[in-house]
Each structure stands twice: as structure tokens, then as C-alpha cells.
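These are the residues of each chain, in order.
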Amino acid sequence: MPEVTTAHYIFLSTALFTIGTIGVLTRRNVVIILMSIELILNAVNINLVAFSKQLLSINGQAFAVFIIVDAAAEAAVGLGIIIALFRNKETINADEIDLMKW
Amino acid sequence: MNEYFTPGDFLVLKPVILLVLFGMGVMLTDLLLEKHNKYFNAVTALVGVGFASVAMWMIQSQMNRDGAGVYEAFRGAIVLDSFSIFFTWIFLISTAITIIISIRYLEIEEENHGEHYAIILFATAGMILLATGMDLITLFVSLELMVISIYILTGFLKRDRRSNEAALKYLLLGAFSSGILAYGMSLLYGISNSTNLVEIQSKLAQRPAGDPLVMMAVVTLAAGLFFKIGAVPFHQWLPDVYEGAPHPTTAFMSVGPKAAAFALFLRIFMVPLGPVRDQWLPLLIGVSIATMTLGNLAAISQSNIKRLLGYSAISHVGYLMLGLVSGNDTGLKGISIYLLVYAFMNLGAFTVIVAMRRRDLIGDEIDDMAGLMYKSPTAAVLMVIFLLSLAGIPPTAGFLGKYFIFLSLLETGHYTLAVIAVLYVAVALYYYFRIVSVMFMREPIDKELPSMSPGIRVALGVTAAMTLIIGIYPNPFIEFANRTVLAVMR
Amino acid sequence: MNVLPGFFFYLLSAIILGGAILTITRRNAVHSAIWLIVTLLGVAGIYLNQHAEFLAAVQVLVYIGGIMVLFLFVIMLVNLDEAAKQRQFNHQWTIAVGCALALMAELAYFIVKGRESFRFGDTGTGTLNPDAAVIEFLKSCRDIPGLGPGGFLQPNTELIACALYRDYLLPFEIASVLLLVAIVGAVVMAKKEI
Amino acid sequence: MPLQLPAAFQPYFWPTIFILIIILVFPLVAGYIVLLERKVMADIQVRLGPMRVGPHGLLQPIADAVKLLIKEDIIPANADKWVFWLAPVISVTAAFVSFSVIPFSDKFYITDVNIGLLFITAVSSVGILGIILGGWSSNSHYPLLGALRSAAQLVSYEVALGFALIGGLMVASTLSMQGIVKAQLDAGMWFVFYQPVACFIYVVAALAETNRAPFDMPEAESEIVAGYHTEYSGFRFSLYFLAEYSNIVVVSAIAVTLFFGGWLRPFPNVQALDFLRYTPIIAMIVLAGLSFMGAGRESRPPEKIGMAGLGIVCLMLAGLFAMPAVLTWIQGLFWFSLKVALCIYGFIWVRFTFPRYRYDQLMNIGWHWLIPLAIANVIVTGIVMVLKGS
Numbered sequence: 001m002p003e004v005t006t007a008h009y010i011f012l013s014t015a016l017f018t019i020g021t022i023g024v025l026t027r028r029n030v031v032i033i034l035m036s037i038e039l040i041l042n043a044v045n046i047n048l049v050a051f052s053k054q055l056l057s058i059n060g061q062a063f064a065v066f067i068i069v070d071a072a073a074e075a076a077v078g079l080g081i082i083i084a085l086f087r088n089k090e091t092i093n094a095d096e097i098d099l100m101k102w
Numbered sequence: 001m002n003e004y005f006t007p008g009d010f011l012v013l014k015p016v017i018l019l020v021l022f023g024m025g026v027m028l029t030d031l032l033l034e035k036h037n038k039y040f041n042a043v044t045a046l047v048g049v050g051f052a053s054v055a056m057w058m059i060q061s062q063m064n065r066d067g068a069g070v071y072e073a074f075r076g077a078i079v080l081d082s083f084s085i086f087f088t089w090i091f092l093i094s095t096a097i098t099i100i101i102s103i104r105y106l107e108i109e110e111e112n113h114g115e116h117y118a119i120i121l122f123a124t125a126g127m128i129l130l131a132t133g134m135d136l137i138t139l140f141v142s143l144e145l146m147v148i149s150i151y152i153l154t155g156f157l158k159r160d161r162r163s164n165e166a167a168l169k170y171l172l173l174g175a176f177s178s179g180i181l182a183y184g185m186s187l188l189y190g191i192s193n194s195t196n197l198v199e200i201q202s203k204l205a206q207r208p209a210g211d212p213l214v215m216m217a218v219v220t221l222a223a224g225l226f227f228k229i230g231a232v233p234f235h236q237w238l239p240d241v242y243e244g245a246p247h248p249t250t251a252f253m254s255v256g257p258k259a260a261a262f263a264l265f266l267r268i269f270m271v272p273l274g275p276v277r278d279q280w281l282p283l284l285i286g287v288s289i290a291t292m293t294l295g296n297l298a299a300i301s302q303s304n305i306k307r308l309l310g311y312s313a314i315s316h317v318g319y320l321m322l323g324l325v326s327g328n329d330t331g332l333k334g335i336s337i338y339l340l341v342y343a344f345m346n347l348g349a350f351t352v353i354v355a356m357r358r359r360d361l362i363g364d365e366i367d368d369m370a371g372l373m374y375k376s377p378t379a380a381v382l383m384v385i386f387l388l389s390l391a392g393i394p395p396t397a398g399f400l401g402k403y404f405i406f407l408s409l410l411e412t413g414h415y416t417l418a419v420i421a422v423l424y425v426a427v428a429l430y431y432y433f434r435i436v437s438v439m440f441m442r443e444p445i446d447k448e449l450p451s452m453s454p455g456i457r458v459a460l461g462v463t464a465a466m467t468l469i470i471g472i473y474p475n476p477f478i479e480f481a482n483r484t485v486l487a488v489m490r
Numbered sequence: 001m002n003v004l005p006g007f008f009f010y011l012l013s014a015i016i017l018g019g020a021i022l023t024i025t026r027r028n029a030v031h032s033a034i035w036l037i038v039t040l041l042g043v044a045g046i047y048l049n050q051h052a053e054f055l056a057a058v059q060v061l062v063y064i065g066g067i068m069v070l071f072l073f074v075i076m077l078v079n080l081d082e083a084a085k086q087r088q089f090n091h092q093w094t095i096a097v098g099c100a101l102a103l104m105a106e107l108a109y110f111i112v113k114g115r116e117s118f119r120f121g122d123t124g125t126g127t128l129n130p131d132a133a134v135i136e137f138l139k140s141c142r143d144i145p146g147l148g149p150g151g152f153l154q155p156n157t158e159l160i161a162c163a164l165y166r167d168y169l170l171p172f173e174i175a176s177v178l179l180l181v182a183i184v185g186a187v188v189m190a191k192k193e194i
Numbered sequence: 001m002p003l004q005l006p007a008a009f010q011p012y013f014w015p016t017i018f019i020l021i022i023i024l025v026f027p028l029v030a031g032y033i034v035l036l037e038r039k040v041m042a043d044i045q046v047r048l049g050p051m052r053v054g055p056h057g058l059l060q061p062i063a064d065a066v067k068l069l070i071k072e073d074i075i076p077a078n079a080d081k082w083v084f085w086l087a088p089v090i091s092v093t094a095a096f097v098s099f100s101v102i103p104f105s106d107k108f109y110i111t112d113v114n115i116g117l118l119f120i121t122a123v124s125s126v127g128i129l130g131i132i133l134g135g136w137s138s139n140s141h142y143p144l145l146g147a148l149r150s151a152a153q154l155v156s157y158e159v160a161l162g163f164a165l166i167g168g169l170m171v172a173s174t175l176s177m178q179g180i181v182k183a184q185l186d187a188g189m190w191f192v193f194y195q196p197v198a199c200f201i202y203v204v205a206a207l208a209e210t211n212r213a214p215f216d217m218p219e220a221e222s223e224i225v226a227g228y229h230t231e232y233s234g235f236r237f238s239l240y241f242l243a244e245y246s247n248i249v250v251v252s253a254i255a256v257t258l259f260f261g262g263w264l265r266p267f268p269n270v271q272a273l274d275f276l277r278y279t280p281i282i283a284m285i286v287l288a289g290l291s292f293m294g295a296g297r298e299s300r301p302p303e304k305i306g307m308a309g310l311g312i313v314c315l316m317l318a319g320l321f322a323m324p325a326v327l328t329w330i331q332g333l334f335w336f337s338l339k340v341a342l343c344i345y346g347f348i349w350v351r352f353t354f355p356r357y358r359y360d361q362l363m364n365i366g367w368h369w370l371i372p373l374a375i376a377n378v379i380v381t382g383i384v385m386v387l388k389g390s
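Protein chains in written order, with this note's numbering: chain A, 1 to 102; chain B, 1 to 490; chain C, 1 to 194; chain D, 1 to 390.
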């Protein structure tokens with residue numbers, strides 16, 4: 001088994017990033033779109049931790065903590081907005097959020 | 001821990017700290033207020049902005065006395081130079097005007113909660129930090145502080161479906177773009193082993209030319225930033241969000257956050273990505289042409305005035321990016337002046353739209369403005385000034401910004417770009433003129449007058465005056481912008 | 001001993017990517033959420049594999065114990081049985097998949113081509129970025145067992161504390177305002193009458 | 001080392017043994033906690049409690065286990081089978097994983113990581129998922145309501161719990177569980193005396209976290225039948241049950257570790273009290289004496305023999321403990337178990353003494369009182385520490 005290098009981790013994060021992007025672009029359910037965004041943020045964190053280990057610098061891990069904080073804030077506000085929307089219109093489909101043209 | 005932080009570090013942040021404290025204060029005093037005197041929240045918030053302005057003024061004069069061109073704080077995470085001071089003034093002014101035009105609007109919508117003003121203040125704090133930040137993490141967190149505040153402000157009319165939908169769209173695409181931006185930032189960190197922009201710049205300069213990792217970072221950072229400023233092809237959220245958001249919020253985010261996003265854009269492209277300019281320049285040229293084209297052409301067919309101004313905002317982003325394309329002193333000066341002027345004229349135009357919101361009329365269709373000349377001549381005339389300025393006709397201020405940007409293009413030899421840009425000004429004149437013709441040529445469809453509250457009067461007066469003053473007597477402002485350029489080029 | 005980190009890397013990568021793919025393809029939002037939890041656990045495992053224990057714990061605590069519970073809550077509040085029966089993908093899915101695959105290919109190309117760009121010049125020398133002052137500071141706080149074997153960033157929690165409360169104190173404070181805004185915003189949005 | 005392992009696996013030998021011991025023994029322990037609960041309940045209500053199976057009902061847990069295992073396993077119609085199967089597994093796994101960092105003694109622990117307490121908090125927050133998913137997948141109203149209530153309650157009280165733990169951590173200045181105990185050894189004082197408020201908040205929040213009375217809203221029989229596990233039966237139900245009782249043990253263990261000196265004997269720094277190290281022997285002898293007295297009072301021969309046998313076992317244990325090596329080894333474990341047992345007794349006592357809160361009262365207590373109090377405690381602790389430091 002070849003040694004696992006930072007490049008391996010970056011490749012993993014790239015793949016995760018791409019999967020998240022596909023999710024955001026193709027799904028109709030807005031909750032799942034939000035979940036795909038979490039996937040992207042996790043890809044960022046994998047990157048940061050891999051670099052942190054490679055560079056022997058703790059700053060990457062500190063950055064990752066902030067990304068997690070941001071993910072929490074975004075999820076809280078996003079789910080609040082979804083509930084507000086659901087109250088006015090009983091749907092969570094992105095295609096039916098069509099009062100304005102995309 | 002005294003060796004790491006001095007009180008001076010916090011003094012540099014005084015405006016931000018004051019804004020946050022007043023934001024929390026607004027939420028607390030809101031609990032004591034009866035339903036009919038909620039306007040007091042706006043007063044508190046305005047006082048907060050006033051205090052922050054005074055603090056900013058004091059820091060600035062202190063800086064002049066010291067003769068120091070720049071204050072660094074928090075081990076270089078915050079840099080207060082004339083670039084950030086310039087932007088801070090734009091933010092403070094746009095926040096103050098947004099607060100005074102929101103009072104009547106929120107009363108009409110029956111959503112006049114203190115949280116609205118508190119969140120505006122928090123967003124302003126985020127914007128100031130965004131303009132002063134020199135560290136990737138600081139920039140990312142303050143960017144999120146700003147955009148999350150604006151998601152909330154966009155969805156603030158939660159009984160209104162358009163507002164909900166706009167907020168949701170903005171949040172989904174905004175969070176997506178933040179993710180992409182963060183990916184780019186993580187790569188920058190990995191390349192340079194630092195989160196400080198200046199250190200990244202020096203590390204990036206040492207990389208071999210055409211380094212794929214750098215290219216990947218440039219692409220992801222650019223994509224994220226294009227989303228934030230609303231450049232083609234990442235502009236789709238912008239017209240929808242402008243249309244669905246409450247009127248004052250649209251006014252606010254078309255000015256303050258846009259300027260803040262542009263400040264981030266300039267900082268990232270000039271400082272850390274400066275050494276790899278030849279990699280992103282073609283990308284930037286293509287995107288700016290596409291942005292101007294789409295913004296101007298799509299604006300022609302709009303029937304909703306907020307949407308129209310949204311597309312016009314996209315086209316302005318195209319012009320602004322041209323300043324970065326030329327990248328010389330004149331171009332950067334042009335960007336600064338443009339953003340300052342844009343703040344006044346765009347806020348003015350949106351203030352007129354806010355005034356159109358009456359008891360039973362949302363007032364954001366172009367037809368709603370029919371015969372405004374006969375109902376409220378002042379508003380109509382002022383609207384004409386703002387629209388002329390947006391189109392860039394002398395002697396209004398809008399001309400000045402476009403002038404410097406086109407000049408810089410000529411100076412750096414981008415003649416084709418300059419010709420394209422000038423052509424699109426003509427297109428812009430056409431669709432701005434449509435609004436004018438509706439206001440002047442058509443008969444009013446109803447008798448109800450625009451709601452010209454005192455706040456709106458003040459806002460209109462200030463913005464119109466500034467639009468004309470900057471246009472007629474531009475020297476002090478150009479001087480101010482010149483110093484900004486020196487700061488960002490250092 | 002040297003085999004294990006590599007083995008875990010491939011195992012966890014399979015879990016992460018498999019979970020991620022299932023997250024974005026499941027019909028039922030609850031199943032998506034469960035697969036996302038699997039992915040997040042895998043990511044926490046990746047952190048552990050790289051000796052970032054604190055981050056792994058925070059990942060589990062905040063993401064799985066906090067964010068995912070919130071997600072499940074909202075899914076249960078707004079879950080409509082019809083939603084699962086409808087078409088799950090929007091019209092541009094072919095274009096989107098094409099774009100994403102192009103992106104993937106591009107990034108992969110960059111990585112493969114840029115193998116040498118992963119040779120980071122100023123590292124691997126065993127000198128730790130947390131400068132001597134930090135280590136002195138840590139030792140002044142409490143007796144710490146030096147820096148772990150193999151030059152890993154140990155003691156992880158203490159080093160992160162140093163980074164958060166010293167180097168990144170300002171973002172830390174901004175993040176607190178960010179969370180305040182998020183709390184206020186979530187309440188404003190989700191509550192019927194404020 | 002009994003057999004020669006490759007060097008790579010040496011570090012994993014003892015942890016594996018400990019893991020096996022815990023996994024095999026704990027279900028039995030949980031069963032006896034249930035028996036204890038029923039006996040204490042009976043005592044408080046002036047009854048006898050289970051008396052039929054074995055002497056004084058001592059074999060009741062085994063009978064219960066057999067009953068649960070051979071019961072019919074029902075899956076409700078239209079339930080999400082996959083999730084229905086998964087949910088109790090999540091709960092019980094989360095509960096068991098927490099044991100991996102609990103310091104039963106200075107020698108008996110699976111591992112000691114530098115994020116120990118954070119790890120337990122993280123893992124136990126995963127347990128909430130089991131409850132939510134279980135309620136949702138049952139495809140039934142009562143479980144769903146119970147799950148939503150339960151999740152809301154757990155998430156709310158987790159905040160207070162976390163802040164209470166931070167109060168204790170600030171004094172200990174380490175997250176490692178062994179480190180916390182050693183910090184108390186160094187301080188010569190249980191942290192409950194430094195952090196009485198945090199301890200109080202922790203105990204209240206822990207009652208709520210484990211769904212115990214007076215906060216047993218999620219399973220308020222009179223309102224929502226049995227809460228999230230209404231539809232569960234047989235083996236799956238017993239998994240939930242196991243998770244619940246292991247959670248009780250875990251929260252008690254954290255309380256003991258953080259606030260009551262963990263595996264330390266009382267006054268560990270006072271040389272004059274060194275004779276306390278013989279307490280395990282004395283305790284066993286006392287237990288043996290009690291058993292023999294009980295045997296004398298029994299009327300039926302099998303139970304007489306059973307009680308007498310128990311007494312003999314206790315005596316043998318006392319003899320075993322008398323060996324110095326064993327005595328040293330058993331010290332920590334004995335004190336730890338004793339403290340945890342007292343803690344669990346307290347839990348049970350509270351359950352049969354306090355009436356249940358209403359749901360809105362429960363949320364009020366959490367958000368309006370506990371969380372502000374906990375935050376204030378953290379702030380005051382911080383200020384005091386800074387003042388003392390400078």
C-alpha cells in the first residue's frame with residue numbers, strides 16, 4: 001500500500017466537494033440542498049486538516065473550527081427560513097419556489 | 001496575555017464594538033417598547049451609527065496626527081488604512097440612510113421589530129471588518145456575519161411569500177458560494193502555510209509559474225467572489241433577491257454589502273493573488289464583458305423596477321471589474337469613486353421606491369410609478385437625477401466613476417473593452433429612460449400619494465445633494481480616493 | 001503500525017464518498033440525513049487519523065449532535081409524504097452532472113499534474129509551527145508531555161486553544177456575534193409571532 | 001502477557017480485554033440496577049418489591065432478560081424497517097462507546113485520551129439520533145410526538161449540561177478523565193467544593209438528559225403512552241432499555257469523576273486515614289454477615305441455601321481482597337463503584353419523591369434558569385481564576 005500523502009487527502013476532499021456540488025445543482029428538495037452544502041464545507045475541512053498536518057501548523061485546524069461554526073449558523077438560519085416558507089406555502093421543492101423567475 | 005493584545009488593538013475596532021453593543025442594546029430596549037413607539041428602535045440604532053462615526057472620525061484624526069498611514073491590530077489580522085477607512089464611511093452612510101427609510105416601511109408591513117435594526121447594525125459591523133480584515137479567517141468569518149445578517153433581513157417579511165423565497169434562494173446560493181470560497185481559502189492556506197494575506201502574497205510569488213494548485217485556488221476563489229458580487233455567470237440570485245426582499249433591505253444590500261463584497265474582491269485579487277495576475281486577468285476580462293452584456297440587455301425587458309435595478313446593478317459590477325482589469329492607479333481610483341457615488345445614487349433611487357410602498361400597494365412595478373410627476377414632483381425630479389447618475393451622464397456624480405474607469409482602460413490599452421463599455425452606457429440610458437417616461441408621460445393610475453415620511457425626505461435630500469455635489473465639485477472626493485489607492489497598492 | 005493509517009484512510013474514504021453519494025441520491029430526506037451522518041462520522045474518523053482529536057470531537061458534537069438533529073427536526077416538521085413520491089431531480093440535472101464531472105476532471109488533472117506542487121518547501125523539517133513561545137506558554141500553564149511522537153500536533157486541544165484565544169481571538173469574537181445573529185435570525189424566521 | 005503478540009498489537013491487548021469485560025458484564029449490571037430501582041421504589045412505597053425469583057428476587061433480572069429476548073418481535077405496518085432497526089442500535093452503541101474513556105480506576109480503563117470529557121459529551125449527543133429516528137420510523141403518532149419532545153428536551157438540557165461541565169473543566173484545566181481525577185488529587189479537594197453550582201446544574205441537567213423523573217416527559221405514560229419507544233417490543237425494546245441504563249451509569253460516572261474525586265478514596269492526601277484502604281474487605285465482610293442473617297430468616301430451603309451461598313461468595317471475595325496486590329488493584333474500582341452506586345441511588349430516590357413537571361415548565365426551567373445560571377457560573381469562575389492567577 002503506497003504511503004498516504006497530503007495529495008490523497010486533497011483528492012478525497014475534491015471528490016467530496018464535487019459530490020456536494022452535484023447535490024446542490026441537481027436536487028429539488030431544499031433540505032437536501034442544504035445537506036449538500038454541508039458536504040462541501042466538510043470537503044473544505046478535510047483540506048484544512050490535511051494541510052495542517054502537512055505543514056505542522058495548528059492554524060488549519062483553527063480555521064476548520066470556524067468553518068464548523070459557520071456551518072452551524074447557516075444551517076440554523078436556513079432551516080428557520082425553510083420553516084417560514086413552509087408555513088406560507090406547503091412545499092420544500094426548489095422548483096416550486098417560483099414566484100420570481102430564476 | 002498582555003503581550004499579545006494591547007488596548008490599542010481594541011481601540012482600532014472601536015466603531016465595530018460600538019455597533020455590536022448598540023445592536024444588542026436595540027434588542028434589549030425593544031422589549032420595553034410599546035407597539036406604537038417602535039420607531040424608537042430606529043433612533044437607538046441611528047445613535048449607534050452616530051457613535052461609530054464619531055469613533056471612526058477620532059481614529060482617523062488620530063492617525064493624521066500620528067502621521068501613521070496605517071494601524072495594524074491583532075497581530076496583523078486587522079489593517080486600518082485609508083482603503084478600509086474609505087469603505088467604512090460608505091458602510092456607515094448607507095446604514096444610516098437604510099435605517100431612516102425603514103421606519104415607515106416596517107410600520108406599513110407591520111413587522112417593525114427591533115431585531116431588524118439590530119441585524120442591520122451587526123451586518124454593518126461585519127462589513128467594516130470585511131474591509132479592514134487582512135487575515136483569511138477574519139475575512140471569512142466577517143463575510144459570513146454580513147451575509148447571514150442579510151439572509152435574515154431578506155426574509156424579514158415572513159408572512160410574504162416573495163420575501164421567504166428570496167431569502168431561501170439567497171441562502172442556498174450564498175451558502176454554496178461561501179463553501180466554494182472557503183475551499184479556495186483552504187488551498188491558499190495550504191500553499192502558503194499562513195492565513196495572513198500579505199504573507200500569502202509573498203509565498204505565492206515564490207511558486208513556479210502555472211502551478212496547478214495555485215490555479216485551482218484562483219478558480220475557486222474567483223467563483224466564490226463572483227457569486228458574492230453578483231457577476232455573470234453567478235448572478236442568478238441577484239434579481240430574484242432584489243425583487244423579493246423588503247424595499248429598504250434591497251436598498252441596503254445593493255450598496256453596503258455590495259461595496260463590502262467588492263472590498264473583499266479587491267483585497268483578495270490585489271494582495272494575495274497579486275503575483276499571479278496573468279492567470280486571472282483573462283478570466284476577469286471575459287466575466288466583466290459577460291456581466292455588462294447580460295446586465296444591460298436583461299434589464300431592458302423588465303417590468304419590475306426592483307428587478308430592473310437589480311440587472312442594472314449587475315451591469316455596474318461589470319464596469320467596476322473593468323477597473324481591476326486595467327489595475328493601475330486610475331482604475332482603482334475609479335473603483336473607489338464609483339462605489340462611493342453608487343452608494344448615494346442607488347440609495348436615492350431605492351428610497352423613491354420605498355416611498356412608493358403605500359397601504360395597499362407594493363409599489364415595485366414600473367407602472368406603479370405612472371404619473372409620479374403629477375403626484376409628487378420632487379420625488380419624480382430626484383428620481384430623474386438618480387437615474388441619470390446611474391446611467392453616467394454629466395454633471396451628475398455617476399459620470400465621474402465611469403470617467404475614471406474608462407480613462408484607465410485607455411491608459412492600459414484596452415481599447416476594445418472601452419468601446420464595448422461605452423456602447424452599453426447607451427443601452428443603459430434606454431432602459432433608465434423608460435422609467436422616466438412612465439413617470440412623466442403617463443397619467444397616474446390612482447390618487448394615492450407616495451408616503452413621504454420625514455425619514456424618507458431626509459434620505460432623499462442627502463442622497464440627491466451628494467449625487468450633485470460629487471458630480472459638480474469632485475476634487476475632495478478624488479483626493480480621498482487617491483489615498484485609498486495608495487493603501488491598496490502598497 | 002505503518003499500515004494502519006493507510007488502511008484507515010482508504011476505509012474512511014470509502015465510507016465518506018459512499019455516504020455522500022447516497023446522501024444526494026436518496027428519495028427520502030430522512031435517509032439522506034442518515035447517510036450524511038455516516039459521512040460526517042467518516043470525516044471525524046479522517047480527523048482522528050490525522051491526530052486532530054479535538055476537531056473530531058467537535059465534529060461529532062456540533063455536526064451530528066447539533067446540526068443533524070436540527071435537520072431531522074425540520075424534516076419531520078415539514079416532511080410531506082408526497083415530496084418523496086415526486087421527481088427528485090430538477091430539469092438541468094444532465095447539464096449539472098456534466099458540469100460537475102468536468103469540474104472533477106479538471107481538479108483531478110490539476111492534482112495529478114501538480115504532484116510536485118505538494119512538495120511544500122518549508123515543512124517536513126520537524127520544526128513545529130507553534131513557535132517556541134507557544135510551547136513555553138503551554139508549559140507555563142501546566143506540565144505537558146512534550147510534543148507527541150512523529151511530530152504530530154500534540155497536545156491538540158491546548159494548541160487549538162492557543163490558536164483560538166491568541167492568534168485568532170478576533171475571528172473568535174466575530175464568530176460569537178455571528179452565532180448571536182444566527183440565533184436571533186432562526187427565532188425571527190421560525191417563530192409565528194415574535 | 002499470557003501469549004506473545006506481535007509488537008504492533010501489544011498496546012491493544014488490555015483495552016480489548018476491558019472492552020470485552022464491559023460489553024459482557026454491563027447488561028447484567030443494568031439488570032441489577034433495574035432490580036435496585038424496583039426494590040428502592042418498593043421500600044419508599046412500603047412494599048416488598050420482587051420477591052419470587054430467587055432469594056429476595058435476586059434472580060429477577062435474569063428472568064426479565066429471558067422474557068424480553070423470547071418475546072415476539074413486532075414491526076409496525078408501514079414502518080421504515082431499515083431505520084426502525086437502526087435506531088435502537090444507534091442509541092445503545094452511543095451509550096456503550098462512552099464507556100471507553102470512563103476511568104473506573106487508575107488501572108482499569110480502556111483508554112485515556114486528551115479529549116475525554118468532550119468525547120463523552122459528543123458521543124452521548126449522538127444518542128439523541130436514536131430517539132428521533134426511532135420515533136419517526138415507527139410511523140405512529142405517539143412515538144413521533146414523544147421523539148420530538150424528547151429531542152427538544154435533550155438538546156435544551158445539553159446546553160446547560162455543557163456549561164456545567166465547562167465550570168468543572170476550568171478548575172481541572174484538562175479534558176482527560178484521568179487527568180481530572182489527578183487534578184483533584186493534587187488539589188486535595190473534590191471539585192464539588194470548588195464548583196457547587198456547576199455540580200447542582202449538572203445533576204439537574206443529567207436527570208433530564210437521561211429522561212428520568214421529574215423530567216421523564218418523553219415517556220410520560222399518562223400523556224403520550226410510552227414516548228418514542230411505544231412501538232418497540234422484545235429485543236429492540238431491551239436495547240433502548242439498556243441504552244437508558246448505561247446512560248445513567250455514564251452520567252453518574254462523569255459526575256463522580258468531575259465532582260466527587262473519581263476513583264480516589266475520601267481524603268486521599270490525609271495519611272492518617274490510610275486505614276480506609278481496607279474498606280473493601282470490611283464491606284465484603286459486612287455484606288457476608290447480612291447475607292447470613294438473611295439466610296437465617298428465610299423459610300424455604302432453596303432460598304436459605306442461595307443466601308448462604310451469597311454470603312460465602314462475599315467472604316471469599318473478602319479473602320481475595322486481603323491479598324495486598326489485589327487490594328491495591330481493587331482500591332480505585334471499589335471507590336469508583338461505590339460512588340457511582342450512591343449516585344444511582346440518588347437518581348432513584350429523586351424519581352420516587354418528586355412529581356413530574358409539565359412540558360412547558362420543563363422547558364422554562366431549562367432555558368430561563370439553568371442555562372443563565374450555568375453561564376453566570378462559568379463567568380464567575382473565570383473572573384475568580386483570573387484574579388487568583390494575577
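No lab work stands behind these hints: they were computed from the structure.
It is possible that part of the hints are untrue.
[What the hints assert, rightly or not] Below 25 Å or equal to it, Euclidean Cα-Cα: the simulated SDA-like pairs (lysine to any residue) are:
hint, chain 1, residue 1, chain 2, residue 2
1, D, 388, B, 7
2, C, 192, B, 462
3, C, 192, D, 358
4, C, 191, A, 87
5, B, 203, C, 192
6, C, 192, B, 7
7, A, 89, C, 109
8, C, 191, D, 319
9, B, 38, C, 187
10, D, 81, C, 31
11, B, 35, C, 192
12, A, 89, C, 192
13, A, 89, C, 27
14, C, 191, B, 110
15, C, 192, D, 148
16, B, 38, C, 183
17, A, 89, C, 166
18, A, 89, D, 141
19, B, 14, C, 166
It should be emphasised that the depicted structure is a prediction, and the values quoted were computed from it without experimental measurement.
Tested hints:
1. D:388 - B:7: holds, 22 Å
2. C:192 - B:462: violated, 37 Å
3. C:192 - D:358: Status holds; Cα separation ~23 Å.
4. C:191 - A:87: Holds, at roughly 10 Å.
5. B:203 - C:192: Violated, at roughly 52 Å.
6. C:192 - B:7: Violated, at about 43 Å.
7. A:89 - C:109: violated, 44 Å
8. C:191 - D:319: Distance of about 66 Å is beyond 25 Å: violated.
9. B:38 - C:187: holds, 19 Å
10. D:81 - C:31: Within the cut-off at roughly 12 Å; holds.
11. B:35 - C:192: Distance ~17 Å between residue 35 (chain B) and residue 192 (chain C) Cα, so the pair holds.
12. A:89 - C:192: Holds: residue 89 (chain A) and residue 192 (chain C) sit about 14 Å apart, inside 25 Å.
13. A:89 - C:27: holds, 21 Å
14. C:191 - B:110: OK: residue 191 (chain C) and residue 110 (chain B) at ~15 Å, within 25 Å.
15. C:192 - D:148: holds, 19 Å
16. B:38 - C:183: holds, 22 Å
17. A:89 - C:166: violated, 47 Å
18. A:89 - D:141: Holds, at about 24 Å.
19. B:14 - C:166: Holds, at roughly 19 Å.
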